[in-house]
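All residue numbers for the sequence shown refer to my numbering, where the first residue is 1 and numbers rise by one.
Derived from the structure by calculation, the hints contain no laboratory data.
Quick list of in silico lysine-lysine cross-link-like pairs, DSSO-like style, CA-CA up to 27 angstroms: (1) 226 to 400; (2) 260 to 172; (3) 379 to 260.
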Amino acid sequence: MGIGKKIRGLGGVVISLGVLSLLNDIASEMILPLLPAFIAGLPGGGAVIIGIMEGIAESVSAFLKLASGWLMDKKGGGRFMIAIGYTGAVFSRPLMGLASNAFHILGLRIFDRISKGIRTSPRDALIASSCGEQTRGLAFGFHRAMDHTGALIGPLISILLLSSVFHFSVRKVIFLAIVPGILSLIPLSVALFLTGKKTQSALQAEKKVCDRPLMEEEKKKVNLGKNFYLFITVCFIFTLGNSSDLFLLLRASECGVDKKLLPAIWVVLHISKMLFSIPGGAFSDKVGRKIPILTGWFIYFVTYIIFPYTKGEINFFLLFAFYGLYYAFTEGVERAFVGDLVPSNRRGTAFGLYNFAIACGALPSSLIMGFLYGYAGPKIAFAICASFSIIAAGGLFFVKTPLREGGKGT
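My request is simple: use the sequences and hints to build the entire structure.
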């Protein structure tokens, strides 16, 4: 069966959430590649404030990802949290166009990440529970591909609006991001409707065929297993070196890349993510989760070692395309791995803990990068961040994974 037919067989919930992510990321990525230069031009802007902004924003989001996942397992209400999370982002992001100093951006960016924190774990748990184990990598790969398609279209819209055709200012582009945001409320409504009809029956069916004593685990409050905790630990270690991609755009700008070309570089990055996310997820369904993750982490290491020495606009375009492969082999695959490691009635908590670990690593990561970049220089900053990927890769070898359907381990 071809990938196209497999995608159509993923079901309405997964597909609707994919379209939702497509439109939501169009709105987000119309703004994000413009932020480094925009912040730098505001009072109080610069590399340090970018590090503080990204670190605090992601870490605040971390606690909400943990809480929302736990609440979904214990109390339900996943649909409500998804609705609030996406709707809050739609109406907060365009307000950045009113900012008169960098701290205004800081506050709005934190609010945007709060919205993401509320919705992420319930959404991931619903995707994992809406498909079988043999297609889980494909499902998450599809979701990431739609997300990256939106992240590709967003900067293209920004390029057009900033060009000589329209002569829009950066502030006007930020304001106009509300249009795709409002459109995203349509697939959001569809996803919530389908979730209400189908998700509960799908969860019950999965519980009946699962060979683990799920209800007994709930009653005894058995933990999620040492392999799950080891996996999120190595992901946390990797994230300590995985600073915000805004630093890559900042470095490119400092090395002479025209500011008007920064959205184009961002487009190249997301073309790479978009093209390879679905194959990367489907590949993990065949060979297991570890090989794609290790491949992605190695790509990350190479990119960060090379990046501070890169010169010339063409080379930056090529390097961003190569860097996109890291996302394609890790984002969806890691989430599918989490879904493999835990029983269905613990997935909200599991994805909450996974997202919490990733987001907690973002605070020291972006802070370290920001201060090292500002005070020790980009070469040292990028090298230190790259070293964490090697440590994490070594730890991943110790994660023992269960047998999958068909008798294959991951």
